[in-house]
Amino acid sequence: MNAGNLNLPKTVGVWNRPDSPRVINSKNIFKYMNGAGELYLGYRFRHLEVFEYTSGSQDNILVELYFMETSDDAFGLLSLDWGGDPVSFSSPPLTALNKSFASSTRALYGGGLLRAWSDDTYARVMAERETPASKEAVLALGKAITAKTINPPEPGLVKALPLKIGSDWKLRLDRLSFFRSHLVLNSIYYLSHENILDLDLSSEAVIVPYEHISDSKDPKRSQFLLVQYENLERARKALNQFHDAYLPEYNKEITADPAANSPSLFKLEDGWLAYKLLGKYIAIVFECPDQESAETIIQTSEFNLLKKEGQS
Amino acid sequence: MKDQKPVLTRRDFIRGTIGMTIGTSVLGFKWPQGEARAAGSSLVTVVRDKNAMDSSKNVDRSILEKMLEQTLIKVTGQKNTKDAWLSLVKPNDVIGLVPTDHLNPTHDEVVNVVKSSLVDAGIAKGKIRLAQGGPSNPKKCDSLIALPALKAHWLTGIGTVMKLYIMYSGSPSSYHKGDSSKLGEIWNLPFVKGKTKLVLVDSLYPLCDKGPQPDPRYQWHYNGLIAGSDPVAVETVCLNIINEKRKTIRGEPWPLTPPPICVEAADKVYGLGTSRMEQIKIEHYGWEHELLL
Chain L
1 MNAGNLNLPK TVGVWNRPDS PRVINSKNIF KYMNGAGELY LGYRFRHLEV
51 FEYTSGSQDN ILVELYFMET SDDAFGLLSL DWGGDPVSFS SPPLTALNKS
101 FASSTRALYG GGLLRAWSDD TYARVMAERE TPASKEAVLA LGKAITAKTI
151 NPPEPGLVKA LPLKIGSDWK LRLDRLSFFR SHLVLNSIYY LSHENILDLD
201 LSSEAVIVPY EHISDSKDPK RSQFLLVQYE NLERARKALN QFHDAYLPEY
251 NKEITADPAA NSPSLFKLED GWLAYKLLGK YIAIVFECPD QESAETIIQT
301 SEFNLLKKEG QS
Chain S
1 MKDQKPVLTR RDFIRGTIGM TIGTSVLGFK WPQGEARAAG SSLVTVVRDK
51 NAMDSSKNVD RSILEKMLEQ TLIKVTGQKN TKDAWLSLVK PNDVIGLVPT
101 DHLNPTHDEV VNVVKSSLVD AGIAKGKIRL AQGGPSNPKK CDSLIALPAL
151 KAHWLTGIGT VMKLYIMYSG SPSSYHKGDS SKLGEIWNLP FVKGKTKLVL
201 VDSLYPLCDK GPQPDPRYQW HYNGLIAGSD PVAVETVCLN IINEKRKTIR
251 GEPWPLTPPP ICVEAADKVY GLGTSRMEQI KIEHYGWEHE LLL
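Those sequence lines, one after another, are chains L and S.
For the first sequence, the numbering used here gives the first residue as 1, with consecutive numbering after it.
For the second sequence, the numbering used here gives the first residue as 1, with consecutive numbering after it.
No lab work stands behind these hints: they were computed from the structure.
Careful: at least some of the hints might be erroneous.
[Said to hold, decoys possible] Here are the simulated SDA-like cross-link-like pairs (lysine to any residue), alpha carbons at most 25 Å apart as the crow flies:
no.	chain 1	residue 1	chain 2	residue 2
1	S	K57	L	K148
2	S	K50	S	N112
3	L	K267	L	K159
4	S	K247	L	D174
5	S	K50	L	D174
6	L	K31	S	G134
7	L	K217	S	E252
8	L	K143	L	V23
9	L	K148	L	N195
10	L	K143	L	R129
11	L	K31	S	H176
12	S	K57	S	H221
13	S	K57	L	S214
14	S	K66	S	I249
15	L	K170	S	Q279
16	S	K247	L	A147
17	L	K159	L	K217
18	S	K50	S	H176
19	S	K247	L	D85
20	S	K197	S	R217
21	L	K220	S	G16
22	L	K31	S	S174
23	L	K27	L	K10
[Unchecked claim] Only part of the chain S face toward chain L is listed, based on derived beta-carbon distances under 8 Å:
no.	residue
24	R10
25	I63
26	K66
27	H102
28	P105
29	W154
30	Q279
Don't be surprised by glycine CBs; every beta carbon is placed ideally from N, CA and C.
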């Protein structure tokens, strides 16, 4: 896939684009965007095409098309921030077709910036100065970018997450992020400057808070992390490494035996931590206010995961 | 792994033990406990003007000039701009202006008013140069004026003062990952050390999340200049402003992540200044709205 397949208009409103894009790959990405390049290399990045739409009378509109190896990677980039106003370019709107917020939201607009997930492409379209005309042009470009692409579902790992845990905990879909790199994890939820979970481009992970259902203005939250590795051995090794780095003063109780129902539980400075090795998956819950909730969150997730595995 | 060196984790930040752990895990030597700087305070000025930048992001140069003048006088305690500059630099110094040059760059207007102000103070035009880039740039300068733009950075937490000289290292990618805590060591390179006479942060239109790529949802009109001669104190005040802005956006604490440990390391390991708010004297002038301090 490249921009040629996406049919970007030559002209939109008073803005015109050059005939060919600036092409950025993993070798020259730092030259283009300094350290921001690590973000895209933290996913399965193929290349980036950049078009600058210019006008004699208006500020420029920048179009960045990130071509990724898989749709999951493009989803991951959008999932780093669900803020902004959802935009639907399809008819009927995806919200009418999909129950899940994460799968129905494909584009978000705010302050002159449109971010979109379209198949294996992640797009950023940004007006240097937001005006009614630039907004119209940005949205028209978004529509053109997404016009000919299919809308694959969200990553399978996301679908394995229970939306509710019993009657006490609900998943914050608007804070759900999909990633593969510990650098990206740290930008969402800091664990360690070291790669203590042994994440790489072959792994898949989601992190999301579960929020306690209550009338409190400051509801309790627990962070839930689910990682999928290539195989059981990688997962076991990663969990061992995590335990050594994060819980060095505790004894290990890692077993891949599904009959072992209870996760390993630890009372830490910021609440309860629970983890469990689930075949090639690792489930970890952080900052849980009580032991029982930590256990329930892991067990409910395990149940959902087994159900998902059974379906695939 | 129990016999191996400790790894810096989230728990160290909660327990307040980052010093001990980072010393041995990231930096490879012991973090001096509680020493750092001698008692005393570092002055940081925050000068703001509601009209410095309009809603269309046009900068008013005449207002910016006045803000710079006020900044220089307050930072140095001198009576006028000329005396202020001459208390910071020598008339024959080759002076390097070091702006953030890429992705939310320092506004050209900020660089230009600094340059004009130096010329008005009697510094020859030919002695003033732009000094952002590789190590050859600071080597050609006697004095440096750091002119970073205020922004959050997804890899290091903040990407403003400490990160400004990353290109001087000659290997910027070595500071991208866990090693970003070592950014302070660049300021101690022989051809950089002691040359920075003033840190003047362009905080006209900062970015408080998702940096360094611009995201207008997290940029706002702060319309300020933040300055001082202690780079760590200036960065600490900048951090405070960024974190306060994030809190107002979310309506709850939303600290920068990853935590910007390069700032504390710049204080406690590299001795570049103070990162302790209680040792920083903030003087604010002008527009009060959403001061965030």
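Hints, verified against the model:
no.	hint	in the structure
1	S:K57 / L:K148	violated, 36 Å
2	S:K50 / S:N112	holds, 20 Å
3	L:K267 / L:K159	violated, 29 Å
4	S:K247 / L:D174	holds, 17 Å
5	S:K50 / L:D174	violated, 34 Å
6	L:K31 / S:G134	holds, 13 Å
7	L:K217 / S:E252	holds, 10 Å
8	L:K143 / L:V23	holds, 22 Å
9	L:K148 / L:N195	violated, 38 Å
10	L:K143 / L:R129	holds, 20 Å
11	L:K31 / S:H176	holds, 14 Å
12	S:K57 / S:H221	holds, 9 Å
13	S:K57 / L:S214	violated, 43 Å
14	S:K66 / S:I249	violated, 30 Å
15	L:K170 / S:Q279	violated, 43 Å
16	S:K247 / L:A147	violated, 38 Å
17	L:K159 / L:K217	violated, 29 Å
18	S:K50 / S:H176	violated, 35 Å
19	S:K247 / L:D85	holds, 20 Å
20	S:K197 / S:R217	violated, 34 Å
21	L:K220 / S:G16	holds, 22 Å
22	L:K31 / S:S174	holds, 15 Å
23	L:K27 / L:K10	violated, 28 Å
24	R10	holds, 5 Å
25	I63	violated, 20 Å
26	K66	violated, 26 Å
27	H102	holds, 6 Å
28	P105	violated, 11 Å
29	W154	holds, 5 Å
30	Q279	violated, 26 Å
In terms of the numbered hints stated before, the structure departs from hints 1, 3, 5, 9, 13, 14, 15, 16, 17, 18, 20, 23, 25, 26, 28, 30, listed from lowest to highest.
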